[in-house]
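Line by line, the protein sequences are chains W, B, U and D. Going by the working numbering, the first residue of the first sequence is number 1, and it counts up by one from there. Going by the working numbering, the first residue of the second sequence is number 1, and it counts up by one from there. Going by the working numbering, the first residue of the third sequence is number 1, and it counts up by one from there. Going by the working numbering, the first residue of the fourth sequence is number 1, and it counts up by one from there.
Hints were generated in silico from the structure; no laboratory data involved. One or more of the hints may lead you astray.
Copies of the same chain look alike in the list, so a pair counts if it fits in one copy or across any two.
List time: in silico SDA-like cross-link candidates among lysine to any residue, alpha-carbon distance up to 25 Å [claimed, not checked]:
no.	residue 1	residue 2
1	Lys-119	Lys-261
2	Lys-306	His-63
3	Lys-322	Asn-47
4	Lys-261	Ala-311
5	Lys-322	Val-334
6	Lys-322	Ser-309
7	Lys-261	His-63
8	Lys-322	Val-89
9	Lys-70	Gln-36
10	Lys-261	Asp-279
Letter by letter, the chains look like this.
4 protein chains.
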Amino acid sequence: MIVAMQERAAEEQIDAVIDAMVEAGVSVHRTTGSSQTILAGVGPTANVELSKFEVMPGVERVHRISSPYKLAGRAFRPEGTAVDFANDVKIGGQQVAVIAGPCAIENREQIFTIAKCVKAAGAGFLRGGAFKPRSSPYAFQGLGIPGLQLMHEAAREHGLLTVSEVMEIAQIEPMLQYTDCFQVGARNMQNFNLLRELGQARKPVLLKRGIAATIEELLLSSEYIMAGGNYDVILCERGIRTYETTTRNTMDISAIPVLHKLSHLPVVADPSHGTGRRDMVAPMAKAAVAAGADAILVEIHPNADKAASDAAQTLYLDQFEKLMGELRVIAGAVGRTL
Amino acid sequence: MIVAMQERAAEEQIDAVIDAMVEAGVSVHRTTGSSQTILAGVGPTANVELSKFEVMPGVERVHRISSPYKLAGRAFRPEGTAVDFANDVKIGGQQVAVIAGPCAIENREQIFTIAKCVKAAGAGFLRGGAFKPRSSPYAFQGLGIPGLQLMHEAAREHGLLTVSEVMEIAQIEPMLQYTDCFQVGARNMQNFNLLRELGQARKPVLLKRGIAATIEELLLSSEYIMAGGNYDVILCERGIRTYETTTRNTMDISAIPVLHKLSHLPVVADPSHGTGRRDMVAPMAKAAVAAGADAILVEIHPNADKAASDAAQTLYLDQFEKLMGELRVIAGAVGRTL
Amino acid sequence: MIVAMQERAAEEQIDAVIDAMVEAGVSVHRTTGSSQTILAGVGPTANVELSKFEVMPGVERVHRISSPYKLAGRAFRPEGTAVDFANDVKIGGQQVAVIAGPCAIENREQIFTIAKCVKAAGAGFLRGGAFKPRSSPYAFQGLGIPGLQLMHEAAREHGLLTVSEVMEIAQIEPMLQYTDCFQVGARNMQNFNLLRELGQARKPVLLKRGIAATIEELLLSSEYIMAGGNYDVILCERGIRTYETTTRNTMDISAIPVLHKLSHLPVVADPSHGTGRRDMVAPMAKAAVAAGADAILVEIHPNADKAASDAAQTLYLDQFEKLMGELRVIAGAVGRTL
Amino acid sequence: MIVAMQERAAEEQIDAVIDAMVEAGVSVHRTTGSSQTILAGVGPTANVELSKFEVMPGVERVHRISSPYKLAGRAFRPEGTAVDFANDVKIGGQQVAVIAGPCAIENREQIFTIAKCVKAAGAGFLRGGAFKPRSSPYAFQGLGIPGLQLMHEAAREHGLLTVSEVMEIAQIEPMLQYTDCFQVGARNMQNFNLLRELGQARKPVLLKRGIAATIEELLLSSEYIMAGGNYDVILCERGIRTYETTTRNTMDISAIPVLHKLSHLPVVADPSHGTGRRDMVAPMAKAAVAAGADAILVEIHPNADKAASDAAQTLYLDQFEKLMGELRVIAGAVGRTL
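Whole structure, please, built from the sequences with the hints as guidance.
Spelled out as structure tokens, the structure:
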């Protein structure tokens with residue numbers, strides 16, 4: 001860490017900062033410039049709260065020099081991580097993965113129809129939500145574990161893997177046998193208790209970026225899972241909140257190459273939530289693959305307009321099939337398969 | 001709801017929208033202008049997903065006309081709500097309330113020292129956190145229920161009321177006997193399951209605005225609690241995320257008069273989280289009272305620099321005493337007491 | 001326009017709003033619901049300041065129903081606009097155009113070297129700045145008109161067209177003979193005097209989105225140019241300011257399909273300013289083409305690190321040649337050429 | 001400046017960075033840690049483009065240590081600056097100044113009526129716009145210099161000082177004799193040519209923060225004026241663009257104490273533009289004074305609803321008189337007069 005003192009900082013102020021740094025466990029190197037004193041702290045600073053130093057008298061700025069995440073950082077595995085699933089399927093390999101399915105699992109017929117379409121179109125993952133806490137207490141709340149059983153059955157019948165969102169620690173255990181990959185939603189990105197428990201689970205975790213989370217915060221959250229020993233984390237960009245209101249969120253496509261530069265973890269893009277509009281899903285899915293996404297997550301439904309939730313951003317099955325063909329060409333154009 | 005069709009919308013497109021509106025349960029009034037057709041939907045639209053209509057072919061824009069919140073709206077109680085506590089204490093009345101205490105309850109001595117200071121300074125509420133899920137698994141995680149017991153004892157000894165954050169449904173029951181007001185943190189503002197349960201609790205709820213939540217979303221979340229029959233909701237502005245990085249968050253002082261205009265619920269301001277910097281707490285607390293805040297929530301600690309969490313934004317006890325004096329003058333200047 | 005009154009609005013308040021609407025030149029249709037009165041204003045509302053109605057007593061919300069831009073709207077030319085240049089070159093046609101060059105024209109050798117490379121790589125437009133008002137008064141301020149002459153000479157020698165930024169009305173006239181397309185920078189997007197003058201010029205205008213401008217504001221600014229009779233406007237997405245700080249701006253790739261939906265004007269993407277980082281230019285250029293961009297604008301320099309300005313986001317010539325090859329493949333993948 | 005290298009940076013990469021730092025004119029101190037190398041650059045770095053270093057191979061982060069502004073920094077005049085006007089009036093002194101007037105000067109009667117009210121209410125400054133480039137070419141464009149003459153005459157008759165916005169360099173000279181303080185609007189905050197010219201003018205400059213400008217950028221723009229020798233700069237907070245849409249902008253009240261901490265320049269608050277709503281002007285003006293603002297700028301009009309521009313945010317004269325009384329009490333509560 002570096003503490004830059006104000007130009008006219010008094011010697012007692014400088015001493016107080018040095019004492020505080022030493023107390024925080026770092027060794028201090030002092031550089032006294034003609035106008036400004038700089039204090040460099042060397043040592044383990046990951047758990048030091050820098051803001052504490054920022055409000056000390058005489059301090060101008062404080063900078064963290066070393067990256068606050070270690071396990072998630074690119075330097076930890078310069079060659080990159082591919083998360084392995086059954087049947088030799090990977091996310092993060094040469095092949096771009098596709099994860100498709102309804103926002104919510106509604107009934108047997110719905111999920112089996114979708115599973116068939118997902119397989120036929122060449123995608124490898126079936127997704128669907130079983131727990132749907134809705135803003136209205138009168139709206140559909142999801143089928144729960146029986147829904148997951150249905151999805152699991154449909155997936156296995158068609159040789160697909162399953163992805164589903166876990167919302168509470170208590171759901172981890174019952175979900176385990178029906179889920180190949182846990183999804184952590186944007187609202188839970190900083191639910192540290194949940195992340196810690198998932199660090200103990202031996203299943204891959206797809207971690208969505210919070211609607212107002214920075215890239216650094218996303219990586220810190222992934223670090224939390226990895227600290228428990230679960231290194232199979234997949235990061236997901238799904239749109240951030242900005243001042244623009246034409247789209248529900250602003251999908252940060254540049255987060256894809258930035259995450260690849262900063263981290264070794266694979267990156268998934270979710271153009272359904274990223275845009276909130278069915279007519280924007282295809283162009284943004286193509287943009288994401290062109291920018292290097294390792295997987296695409298997309299909401300589909302045979303009767304999209306009547307979907308129990310997220311109707312506006314859900315593709316019809318024929319739209320999805322068409323999109324798969326287009327993505328295959330883009331993947332080829334960036335040297336990958338799909 | 002109003003659906004404005006595109007200028008060259010085809011008659012079939014218009015018919016399809018009308019059908020969908022009727023199906024959603026509203027009666028449709030059609031106005032055919034020289035260039036544009038407008039469809040007005042009259043009826044209960046609170047649970048209609050408007051985004052569904054936005055992506056229909058030929059649609060230009062969709063507007064919700066009636067407010068999506070009813071119970072929280074100003075029209076529900078034009079005279080305003082004052083939340084009643086024991087000892088004739090109110091939040092939302094003529095007197096500006098002050099809620100002060102440490103970020104985390106650390107030990108008996110700490111919380112008793114603080115309680116004494118809070119009382120002496122003339123504040124009515126003691127706050128402190130018992131559950132502290134931290135970004136680092138090695139950091140202090142809070143004392144749990146025993147911590148709450150300590151705070152409750154300290155509060156009762158000094159005639160104070162207690163406020164503490166509830167993070168999970170399972171904590172509601174054990175917290176009940178030690179807590180006079182539940183706080184819902186910014187990260188849980190849209191934890192609808194938790195809000196629903198608190199709607200059943202017969203204790204006031206202080207609901208913090210999420211870091212990227214709009215004022216409308218905050219009111220929708222309060223509606224969720226009120227729908228369960230618990231009308232004692234206190235709204236809290238605590239800073240939003242913007243592009244500005246000098247302060248940790250940008251405290252939206254204008255949210256105070258806006259909330260008072262849109263809703264009958266009392267409004268609390270939290271300048272500690274709102275700014276993240278000890279030296280900004282006093283000016284922003286004064287600004288909040290000048291703008292009409294019904295209460296101020298502030299973090300204090302006898303040894304602020306060594307506080308187990310949030311050290312940078314925590315006031316020393318003497319700073320708090322000084323602030324109380326200043327706030328009393330500002331309260332008087334806007335026709336209130338403190 | 002639609003004015004939704006508050007639930008308990010008094011009859012006098014409703015009458016006052018109706019009077020104000022009539023005075024503003026619209027005919028009013030009143031719908032009295034069981035709980036709420038709705039006033040629909042029909043007529044020319046493009047110049048009506050809606051905010052005036054929002055603050056009238058008893059008003060809940062005001063909505064503009066008709067689009068505030070007409071000439072820029074998709075309905076004006078459903079088939080889309082291709083801006084024509086000399087030599088049968090178009091922006092907005094089947095071929096994706098590429099506009100490349102240095103941030104600033106520095107000297108004869110520099111601009112001729114770059115022109116040769118631009119041509120060899122297959123791009124059609126040479127860009128370069130002649131006026132460079134810099135934050136430091138000691139920094140390089142641009143070569144002015146003599147710089148434009150150099151660029152024009154280099155472009156003509158290689159059969160290229162030129163794009164250069166105009167910053168003041170007084171520059172339009174002297175720039176005319178050396179410039180095939182005027183660029184309006186992000187900071188001037190709402191310099192309405194300048195836009196009005198460019199509406200009189202008979203040269204295409206490339207209009208950059210302001211760093212905090214909404215898509216609607218961008219279209220309103222283009223309307224301003226078109227109102228003068230100059231319909232050859234090209235819109236440019238170049239990154240917006242958000243809370244994320246890893247990239248200098250957040251490039252809003254979704255603005256490309258959104259603009260294509262709302263408007264008939266061609267859309268250019270500028271990944272150099274959009275990201276501010278050389279290593280992010282290629283992935284974001286590819287994403288933009290995949291999302292449907294009609295042209296790419298990119299900063300290049302034979303000695304990028306020593307460029308007089310924007311060094312960090314400027315590509316070396318060999319990086320540009322490589323990018324052209326990659327973009328050609330992506331263009332093919334979305335059914336276009338480059 | 002500090003360059004933190006990546007953990008596995010190669011020795012050649014480190015050497016290349018050192019060379020580039022030396023070339024940029026700084027002396028380099030190298031610290032080789034167990035995992036990371038840190039390069040500290042000492043010397044004049046104000047004009048060094050740090051982003052250039054950020055994209056060099058092997059670099060993790062680059063930090064500017066010394067403040068990029070010197071003349072505007074608090075250290076330059078720790079005691080603070082009060083800008084002096086005629087008649088012993090100051091902005092930045094013990095007395096809170098009030099600047100009031102219409103958005104646009106419309107006619108003799110209007111500006112004389114307003115001047116009389118401004119004086120009677122106890123304010124010292126009359127403001128009004130003479131140049132009004134509007135989004136619609138058919139809207140009122142301002143009276144120009146004759147309007148300024150009217151305002152100047154009205155001001156002098158009532159012993160007031162005048163503030164008016166300058167939009168182009170060519171307006172400075174003709175405005176000089178009628179204007180006691182130049183205002184630079186939010187859209188021109190980074191019009192460096194205009195700022196440079198105002199640095200030569202010997203009149204105070206009220207510099208508005210851009211709608212998406214950081215506090216640091218505002219201070220850098222003020223530095224530009226001061227570099228020309230004009231130290232009479234007054235900074236103005238007038239609302240920033242955020243994701244919240246209930247208010248037109250989010251007024252960043254915390255910018256007031258932050259600017260006072262970072263700079264010696266006086267700070268004005270503009271609650272009219274800051275909120276865009278007449279009913280929010282009073283609470284936000286009070287909040288600004290409570291937070292330490294040195295002056296308040298407010299739009300008023302005898303017939304606010306019919307004002308030629310900014311009608312929704314303009315106060316009626318009686319509302320202004322009432323506000324003056326309230327502000328006087330708040331000023332007293334923070335130890336100032338008004």
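Here is how each hint holds up against the structure:
no.: 1; hint: Lys-119 with Lys-261; result: neither (32 Å within a copy, 32 Å between copies)
no.: 2; hint: Lys-306 with His-63; result: between (51 Å within a copy, 20 Å between copies)
no.: 3; hint: Lys-322 with Asn-47; result: neither (49 Å within a copy, 32 Å between copies)
no.: 4; hint: Lys-261 with Ala-311; result: between (35 Å within a copy, 20 Å between copies)
no.: 5; hint: Lys-322 with Val-334; result: both (19 Å within a copy, 13 Å between copies)
no.: 6; hint: Lys-322 with Ser-309; result: within (23 Å within a copy, 44 Å between copies)
no.: 7; hint: Lys-261 with His-63; result: both (21 Å within a copy, 19 Å between copies)
no.: 8; hint: Lys-322 with Val-89; result: within (23 Å within a copy, 31 Å between copies)
no.: 9; hint: Lys-70 with Gln-36; result: between (32 Å within a copy, 12 Å between copies)
no.: 10; hint: Lys-261 with Asp-279; result: between (30 Å within a copy, 9 Å between copies)
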